[in-house]
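Peer 1: Below are the chains, spelled out letter by letter.
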Amino acid sequence: MDFTYDSEQKALRDAVRGLLTKAYDSARRRDVVSDEPGFDSGVWAQLAEMGVLGLPFAEADGGMGAGPVEVGLVAEEIGRVLAPEPFVEAVVVAGGLVADLGTAEQKAAILAPLSDGTLIPVLAHTEPGGRWEPVARAVTAREDAGTWRLTGTKEPVAHGARADLLVVSAATPAGTGLFVVDPTVDGVTRTGYALHDGGRAAQVVLDGAVGTPLGAADVDRTGDLEVAQARAIIIRGQEAVGAMQVALDTTTAYLTTRKQFGVTLNKFQALTFRAADMYVSLELARSIASWALLVLDSGADPREAAARTGFQIGRAGHHIGQEAIQLHGGIAMTAEYSVGHYMSHLTALEHALGDRRFHLGRLAASVGDHGTVDPLA
Amino acid sequence: MRLQLSPEDAAFREEMRTFFTTQVPQGIRDAVAERRELSKEQIVEAQRVLNAAGLAVPHWPAEWGGKGWTQLQKHLWHEEMLQACVPPPLSFNTNMVGPVIATFGSDELKERFLAPTANLDIWWSQGFSEPDAGSDLASLRTSAVRDGDEWVVNGQKTWTTLGQYGDWIFCLVRTDPDAPKRQQGISFLLIDMTSPGVTVRPIELIDGGVEVNEVWFEDVRVPADQLVGEENKGWTYAKFLLGNERVGVAPVASTKRLLAQAKERAQEKLADGSTLLEDPLLAARFAELENEVLALELTALRVAANSAGDKPHPASSVLKLKGTELQQAVTEIVVDVAGPASLASGAPDGSDVPHWARVATPQYLNYRKASIYGGSNEVQRSIIASSILGL
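Heads up: the sequence lines are chains A and B, in that order. Each residue of the first sequence is one higher than the one before, starting from 1 at the first, in our numbering. Each residue of the second sequence is one higher than the one before, starting from 1001 at the first, in our numbering.
A hint or two may mislead.
[Claimed, not checked] One side of the interface only, derived from the structure: several residues of chain B facing chain A at Cβ under 8 angstroms:
no.: 1; residue: R1002
no.: 2; residue: L1270
no.: 3; residue: S1274
no.: 4; residue: F1286
no.: 5; residue: L1301
[Stated by the list, open to error] To spell it out: a stretch of chain A is covered by chain B in this simulated footprint if at least three of its residues, at any positions, have a beta carbon under 8 angstroms from a beta carbon of chain B; those stretches are:
no.: 6; segment: 26-37
no.: 7; segment: 218-227
no.: 8; segment: 242-256
no.: 9; segment: 304-312
no.: 10; segment: 321-333
[Said to hold, decoys possible] When the alpha-carbon atoms are kept at most 20 angstroms apart in a straight line, the in silico EDC-like pairs for lysine to aspartate or glutamate are as follows:
no.: 11; chain 1: B; residue 1: K1369; chain 2: B; residue 2: D1136
no.: 12; chain 1: B; residue 1: K1074; chain 2: B; residue 2: E1063
no.: 13; chain 1: A; residue 1: K267; chain 2: B; residue 2: D1121
no.: 14; chain 1: B; residue 1: K1110; chain 2: B; residue 2: E1037
no.: 15; chain 1: B; residue 1: K1067; chain 2: B; residue 2: E1111
no.: 16; chain 1: B; residue 1: K1181; chain 2: B; residue 2: D1192
no.: 17; chain 1: B; residue 1: K1269; chain 2: A; residue 2: D369
no.: 18; chain 1: B; residue 1: K1110; chain 2: B; residue 2: D1121
no.: 19; chain 1: B; residue 1: K1067; chain 2: B; residue 2: E1015
no.: 20; chain 1: B; residue 1: K1233; chain 2: B; residue 2: D1107
no.: 21; chain 1: A; residue 1: K22; chain 2: A; residue 2: E49
no.: 22; chain 1: B; residue 1: K1074; chain 2: A; residue 2: D355
no.: 23; chain 1: A; residue 1: K267; chain 2: B; residue 2: E1378
no.: 24; chain 1: B; residue 1: K1369; chain 2: B; residue 2: E1037
no.: 25; chain 1: B; residue 1: K1074; chain 2: A; residue 2: D369
It should be emphasised that the hints constitute simulated quantities derived from the structure, not laboratory data. Every residue gets a Cβ at the ideal spot worked out from N, C-alpha and C, and that includes glycine.
Please take these sequences and the hints and turn them into a complete structure.
Peer 2: What follows is the structure, given as C-alpha cells:
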C-alpha cells in the first residue's frame, strides 16, 4: 500500500506543471477559450513533444508505454489550471478505445499521429435523449455491399468540430458497434459551439456517412465502451482533484487577505469552519480517486471503482465548487476572477461521465451483493 | 503507488487476524458483536490475553513492551482487532497515561506503573474535564497545593468514563494559580482513587446508561513523587497525550462491521415477504455510507502508510471528524432498519424483538458522544482551519 509517486513520476509531474502553469494563468486561459478551437495548439504541440500525448500507448504503437498513474497525474495538473486541451477526450477516451480494440493498421494510423500531436480523435457517443449508458440507439450503422454507413445525430460531442477523426458508437444488428469515421467525408455535418466552462462541443449529424468498424465488425462493444467510460471517470477523478485543490487554495488565500468589518475574513469562524469542511470533502475524494487509479493500474475490472469515484468526486465537486464561490462573495461571480470557472468546469466534468445520482444508483443496485467493501482485498 | 500490501505486511495482517479470531475468548467477541455491554472482568481478561502475547501496547517504547512497528502495522493491528470483535486495550491505560509515564515519568514511576498498566492490573481513569472546563480545558480549576511531601487536591472532575471501575486516576491539576499564562500553571498528577476524600458519583446519560461519572476531591493527600515529570509542565504532557491518539482515532473496522450487520438485517424477509433493502431509498443510503466508509478507510491507510516517523500526515485530522460522523450515521441507520421494533428498548430477554433492535436506539443516543469527546468536532475544524489551511 503506497500512495506516493516515485522519482520518475515526480519528474513528469514537475515537467507538466511547469509547462501548464507557464501556459495558463486565469487571464491567458480566458483569452484562449474565447477563440477557436478553444485550446492552444502550441501547448498541444509541447505536450506532444514531452511525450504526454502518447503516455498510455505501447511503444510499438508510437507511445510511451506508461500506466494510469502517469496519465492520472497529467490529468491532475490539467485540472489545477483548467487547461482546455482535449487530453482526456483524445488520449484517454478515443485513443484508449483504439488501443484496446483497433486493428494493427488502425493503431498505426491513429496512435502514432495522436502521440506526435498531429491528429486529434474523439469519441462521438452521447445522443439527444440519452444519458450515460454505454449503448447507442439514435445513430445506426448498416452494412451494404461491404461498406458500413452511419445515420443519426450525436450531441454533445466534446471537441467534435475540431476533431480530425471520430470514433462513433452506433446501433447495429449485433448490438452497439464502434466505427472510425473521417469527419470530412460526405454525410457528416458538424456544428461546433462553446460550453459554459470554456470547453467545446458539437452536434454531429450523420447521413449515410461511411465508417470503418473499429477492430472486428459485428461485435457488441457495450462492455468495451463501459470499460472506456470507467477509465475516463477514474482519470477525470484526478483532474477534478486538481481543480478542487486549487479552488480550496484560492479560497483560503482570499480569506486571509480580504478585509471586511476591519479584519481579514479568516477571523470569522462561520467561514473558516466551512473551509475546513471543504478540506474534509477534498481529502476523502482524493483517497477514493487515488485508490481507483490503483485499481485501474492493477488491471482489475475498473467499473465499480469508477462508480465509487464518480459518486464521491461528484459530491465533493458540488460542495467545494459552491462553497468556493460563497466564501469569496461577489468577486467569485465575475468572469474575470478564477474561482467561478472551477465550479463551472467541475459541473461539466460530472455531467460528461455520469452524475453523482447515476453512480449512486449503480452502487445501490449492487449493495446487497457483498458484506463489506475491502480496498485491500 | 501500489494498491496491495507488501508480502510482509500481508503476512503481518494474517498473523493478527489469526491471533484475534482464535486466542480471545469467543464469549467476549460475541458480546461485542451483539453490542452487549462488557463487564469489567471481560475487558480485563481480553487485555490480559493481548498483553500475554505482547499485543496490548505495541506502540510503547520497546523496553516497556513496544514492538517498533510501522504506522501501517499499527493500523492493521488495530483494524484486525476491531474486525474480530476484540475489545481494544483500555485507552486510558495504553494510549493515554502509559505513554505519558513512559516518556516523561521518572524511572521510579515507570518501574512502579508501566507493567501493571499494560496488563490492566491497574484500571486508570481520566481526570481532565471539569464542569467549567470542557473544550476550553486550560480553564480547569482543580487545585493541588504543596504541603511537605504531599500535594493536597481539591476540586471536581467530570465525564470520567468508567470511573466506577477506576483504581487510579490521572489528573490535570492547577499547581500555580499565578502563572502568567493559565496553561503554564498545570501539572499531571497520579491519584489512588481509594485515597480518603475521593468520591465517585455516576451520571445517568440519555441512553439510560451510567458509563460516565463525576469525581470529587476533598483535601485528598497525594505523595509528591506521584507528579509526573516537572511541576507546571502538565499542559505539555496533556497535549502529547491528546496528539498520541492517531492510531485508532477512526475506528473504521467497527463502523464497517456494524454497517454490514445492518445491511444483513435489511435483507431479512419481512412479514409481507419483501425486504427493506428492496427500497431504493434505503439501498442508496447504504451505498452512500459504504462509499464514505471506504473513503475514510483509504484516508486512514494513506495517513498510516505515509506518516514519516512521528509526523502525522496532514489528512490525519480528517479521521476524527469524519470517523465519528460515520460512526454516528451507522448507529442511525440501524435504528431505521429496526423501525417500530426500535421502540422496544426496555423489553427483557425473551422478547420477540431481537436484542440488536432493542439496543438500536440507546446505542444511537449514546454515540452522539463521539463527536463531542476527544476534542469536539468543532475543535477539529478549528485545527484543520488553523494548522492545515493556515486560516
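Peer 1: Take the hints in turn and mark each one as holding or not.
Peer 2: So, going through the hints one by one against the coordinates:
1. R1002: Cβ of R1002/B sits 4 angstroms from chain A, so the hint holds.
2. L1270: For L1270/B, the interface hint is violated, since the closest Cβ of chain A sits about 15 angstroms away, which is over 8 angstroms.
3. S1274: It is violated, given that the least Cβ distance between S1274/B and chain A is near 13 angstroms, above 8 angstroms.
4. F1286: Where the cut-off is 8 angstroms and the nearest Cβ of chain A is about 5 angstroms from F1286/B, the hint holds.
5. L1301: Check passed: Cβ of L1301/B comes within 6 angstroms of chain A, closer than 8 angstroms.
6. 26-37: violated (count 0)
7. 218-227: violated (count 0)
8. 242-256: Our answer is that it holds, as 4 residues pass the Cβ test (under 8 angstroms) against chain B, meeting three.
9. 304-312: holds (count 3)
10. 321-333: violated (count 0)
11. K1369/B - D1136/B: Holds - the C-alpha atoms of D1136/B and K1369/B are around 17 angstroms apart, at most 20 angstroms.
12. K1074/B - E1063/B: holds (18 angstroms)
13. K267/A - D1121/B: violated (48 angstroms)
14. K1110/B - E1037/B: Cα-Cα ~32 angstroms, so violated.
15. K1067/B - E1111/B: holds (19 angstroms)
16. K1181/B - D1192/B: violated (29 angstroms)
17. K1269/B - D369/A: holds (16 angstroms)
18. K1110/B - D1121/B: holds (15 angstroms)
19. K1067/B - E1015/B: Cα-Cα ~15 angstroms, so holds.
20. K1233/B - D1107/B: Since the Cα atoms of K1233/B and D1107/B sit roughly 18 angstroms apart, the hinted pair holds (cutoff 20 angstroms).
21. K22/A - E49/A: Answer holds: K22/A to E49/A is near 16 angstroms, not above 20 angstroms.
22. K1074/B - D355/A: Outside the cut-off at roughly 37 angstroms; violated.
23. K267/A - E1378/B: Holds, because 15 angstroms separates the two Cα atoms, which is no more than 20 angstroms.
24. K1369/B - E1037/B: holds (16 angstroms)
25. K1074/B - D369/A: Status violated; Cα separation ~31 angstroms.
In summary, the numbered hints that this structure violates are 2, 3, 6, 7, 10, 13, 14, 16, 22, 25.
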